[in-house]
Amino acid sequence: MQRPVNITCVIDEDHPVDACLGDWVLVHVGFAMSRIDAQEAEKTLALLAELGEMQQELDAMQSNGGQG
Amino acid sequence: MNRPADKPGQHLAADTITLAHGAGGKAMRQLIDTVFVAGFANNLLSPLEDQARLDLDDLLGEGDQLAMTTDCYVVDPLFFPGGDIGKLAVAGTVNDLAVGGAIPRYLSCGMIIEEGLPLDTLRRVVASMKSTADAAGVRIVTGDTKVVHRGAADKLFINTAGIGVIPRGIHIASQRARPGDAILINGHIGDHGAAIADARGEMSLHTDIQSDCRPLNALVQTMLAACPDIHCLRDATRGGVATVLNEFAQASDACLRIDDTRLPIRAEVRGLCELLGLDPLYLANEGKLLAVVPADAADAVLAAMRADPAGEHSVCIGHVAEAPTGSVILQTGFGGERIMDMLVGEQLPRIC
Amino acid sequence: MNQPLHLIDEFRDPAKAGALIDDIRRLLPRIERARQSPLQLMEFCGGHTHTIFRYGLEQLLPEGIELVHGPGCPVCVLPRGRVDACVALAERPEVILATFGDAMRVPGSHKSLLQAKAEGADVRMVYSPLDALALARKHPERQVVFFALGFETTMPSTALTVLAAAHEQIENFSLFCNHITTAPTIQAVLDTPGMVLDGFLAPGHVGMVIGTGPFRSIAERYRKPMVITGFEPLDILQSLWMLIKQIAAGRAEVENQYQRVVRRDGNAPGLTAMATVFEPHSTCQLRGLGSIGESGVRIRDSYARFDAERRFKVPDLTIADPAACQCGEVIKGAIRPWQCQAFGNSCTPQAPLGALMVSSEGACAAYYNYGNLPELLARQRQAQQGAAAS
Ligand code: SF4
Numbered sequence: 034m035q036r037p038v039n040i041t042c043v044i045d046e047d048h049p050v051d052a053c054l055g056d057w058v059l060v061h062v063g064f065a066m067s068r069i070d071a072q073e074a075e076k077t078l079a080l081l082a083e084l085g086e087m088q089q090e091l092d093a094m095q096s097n098g099g100q101g
Numbered sequence: 014m015n016r017p018a019d020k021p022g023q024h025l026a027a028d029t030i031t032l033a034h035g036a037g038g039k040a041m042r043q044l045i046d047t048v049f050v051a052g053f054a055n056n057l058l059s060p061l062e063d064q065a066r067l068d069l070d071d072l073l074g075e076g077d078q079l080a081m082t083t084d085c086y087v088v089d090p091l092f093f094p095g096g097d098i099g100k101l102a103v104a105g106t107v108n109d110l111a112v113g114g115a116i117p118r119y120l121s122c123g124m125i126i127e128e129g130l131p132l133d134t135l136r137r138v139v140a141s142m143k144s145t146a147d148a149a150g151v152r153i154v155t156g157d158t159k160v161v162h163r164g165a166a167d168k169l170f171i172n173t174a175g176i177g178v179i180p181r182g183i184h185i186a187s188q189r190a191r192p193g194d195a196i197l198i199n200g201h202i203g204d205h206g207a208a209i210a211d212a213r214g215e216m217s218l219h220t221d222i223q224s225d226c227r228p229l230n231a232l233v234q235t236m237l238a239a240c241p242d243i244h245c246l247r248d249a250t251r252g253g254v255a256t257v258l259n260e261f262a263q264a265s266d267a268c269l270r271i272d273d274t275r276l277p278i279r280a281e282v283r284g285l286c287e288l289l290g291l292d293p294l295y296l297a298n299e300g301k302l303l304a305v306v307p308a309d310a311a312d313a314v315l316a317a318m319r320a321d322p323a324g325e326h327s328v329c330i331g332h333v334a335e336a337p338t339g340s341v342i343l344q345t346g347f348g349g350e351r352i353m354d355m356l357v358g359e360q361l362p363r364i365c
Numbered sequence: 295m296n297q298p299l300h301l302i303d304e305f306r307d308p309a310k311a312g313a314l315i316d317d318i319r320r321l322l323p324r325i326e327r328a329r330q331s332p333l334q335l336m337e338f339c340g341g342h343t344h345t346i347f348r349y350g351l352e353q354l355l356p357e358g359i360e361l362v363h364g365p366g367c368p369v370c371v372l373p374r375g376r377v378d379a380c381v382a383l384a385e386r387p388e389v390i391l392a393t394f395g396d397a398m399r400v401p402g403s404h405k406s407l408l409q410a411k412a413e414g415a416d417v418r419m420v421y422s423p424l425d426a427l428a429l430a431r432k433h434p435e436r437q438v439v440f441f442a443l444g445f446e447t448t449m450p451s452t453a454l455t456v457l458a459a460a461h462e463q464i465e466n467f468s469l470f471c472n473h474i475t476t477a478p479t480i481q482a483v484l485d486t487p488g489m490v491l492d493g494f495l496a497p498g499h500v501g502m503v504i505g506t507g508p509f510r511s512i513a514e515r516y517r518k519p520m521v522i523t524g525f526e527p528l529d530i531l532q533s534l535w536m537l538i539k540q541i542a543a544g545r546a547e548v549e550n551q552y553q554r555v556v557r558r559d560g561n562a563p564g565l566t567a568m569a570t571v572f573e574p575h576s577t578c579q580l581r582g583l584g585s586i587g588e589s590g591v592r593i594r595d596s597y598a599r600f601d602a603e604r605r606f607k608v609p610d611l612t613i614a615d616p617a618a619c620q621c622g623e624v625i626k627g628a629i630r631p632w633q634c635q636a637f638g639n640s641c642t643p644q645a646p647l648g649a650l651m652v653s654s655e656g657a658c659a660a661y662y663n664y665g666n667l668p669e670l671l672a673r674q675r676q677a678q679q680g681a682a683a684s
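Chains as they are written, first to last, in my numbering: chain W, 34 to 101; chain X, 14 to 365; chain E, 295 to 684.
Each hint can be trusted.
Beta-carbon label-pair distances, calculated as ranges:
hint: 1; chain 1: X; residue 1: Q188; chain 2: W; residue 2: L78; range: 46 to 56 Å
hint: 2; chain 1: X; residue 1: L79; chain 2: E; residue 2: P434; range: 57 to 67 Å
hint: 3; chain 1: E; residue 1: L301; chain 2: X; residue 2: D312; range: 34 to 44 Å
Calculated directly from the structure, the hints in this document are not laboratory data. Where is the CB? At the ideal position from N, CA and C, for every residue including glycine.
Bound conformation, chain W alone (with noise of 0.2 Å):
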């Protein structure tokens, strides 16, 4: 799906236009808003996943420590 974009707000001196090519952006109304920070989301992603596999250790614990 392709909508022209007003880039103005993710745009400035370190990250000029043509810097822009292949960005995820976050678009609201018609302006891109924010760039969305990959490694962000993957840290928030990872984080997730730990935080899952500790669950799982914390359970397993249990029920070996209920059995034995």
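On the provided structure of chain W, position chains X and E with the ligand as indicated by the hints.
Only chains X and E with the ligand this time, still in chain W's reference frame:
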């Protein structure tokens, strides 16, 4: 070929429709001959009596009940990716007959035309109606045309009525959903609504979404061959899948449980819905049907559906349960559930 | 089977939800306050309300947590007088009124924009204020008025549109400005007498524009934990978990769950555009919350020619909400939607009495559409009978 259009002196003078084309005189006669009779080309229409005369014996050979339906078609724009108002007007009425189990046979075609419509536009619509009718195996056997003042209609409105024959032993009805039954759909949801939203251009979006507009009568016959005892069947047009499911749930006093993760929705349609805050379950479809079938027949029906070009992406999206009666419950991929109600009014994009 | 949407579907992965919910369950009994009655956590933003209902998140949470649906739906807090003024603008023969879809159904005291449109007003639905500006370019003989509303999320886009109009010298474009600011609105909720809130999910898209600072001062002043939150279901669950952790540890800080989008200082170009075009407005009426100091904005004098209210003499009406309407109580979290006498009776999405029934982000509409209606209405009747008996 000796079509009326080829006779000298019978060409239409103007290249747009004017009030004279609806006034009953020469211009109207020419319009009928050159556009409709020539376009729909069949021997039942050509005598141009005030009524089409249909052979009863012929119909009786196919079943024991006559099915009849009518629908009006208005769409803006008239031509959209994947279809046009003519294809819609034939496929829509064919589908309304088909989902009753009927074999569609004859269609009527009434047109209300706004003066100023380019004649070429009308020709293209008629050609599209003809090719859709051929594909569905139906004939357009009678019709009427009115031309109205500019502004009294929006370009072109079409009404089609249809007649079909229901074979013996078919009892499709929306009251027949029973606990345990499987709920099937023949493919991706919301394509037509998304294609129209895009084609209107109001939102300045550019997508590759095509309307799913197509006749479903062959698919339905394949399904009935696999399981003559299909309980409910309906095409999900305006109001979308959510509306049909609610109609089944209410008519059957049952609860329809739908698994969110199994709903087939194209990425492009999902993207459009995310962007505009629309729910694909309420988007219109023009080539999708929902079937409620006995659980033990579900696999056979699904296999038959997938073998038909109109059903390649068929899936089972849920099942019928007892309670709460009259409701549709969507099990979200997240383990929660929510009630899926009928739509109130028109679905408006939600932006803030 | 469906092709995934990048950076969206990852945050809808149910496999990751379980761990968060389990940990919330584990933490809750350690919270003294939660042992007395359920924790009251407010999601301020209508977008969050929508996600919560769409994914049925409330049912996944343990009993000790109650979600209170806040006032953060800009369509819902629009006072009726403003809707009436907007309808009056739309009914001027020279005006094309352009607006977002969900603003069209909000009831004024006589009619909504949708009804005005049916009666002949030229009301157009647009996706972006830039589309409204395009309408002005296309119809130089008409006056295009954009019905601007929303919190800080939408303000940069309207501001930039005004700047574009000024730059191109488009003279037949103006704004009917109904923007409101978030921080004073949150404070108004917190200042409500008798308000018990244990924590806040702060709106991520507002944070994306204004940064984390303004939330920090509220958290400090009111000693309430806050988490700036994204809009996918995992975002919301993770933020609830972060709130619970704060409460368990006795902290009242601002944390940013929506790191992938929200930066500490917000969006500089957006903030600059906002400050160039808008200035704070002394007070602003909000439906259900009354007048809130410093919560509104208006167009600066230097851009006055783009202000529809100065161009057209818009009536300034204050119209009381219908007596039966309890939207204010619901917005403040004082009662649940079904506790309003009008809910499901004189107020339904088909015929909304209050604004919370209009937008699909409004708390009442969410309960009505996604909740178990017969059960809610039965509870409402019980409560009435209880009240009559005592
Ligand atoms: S039910 Fe209607 S009147 Fe009552 S609070 Fe909700 S929106 Fe307002």
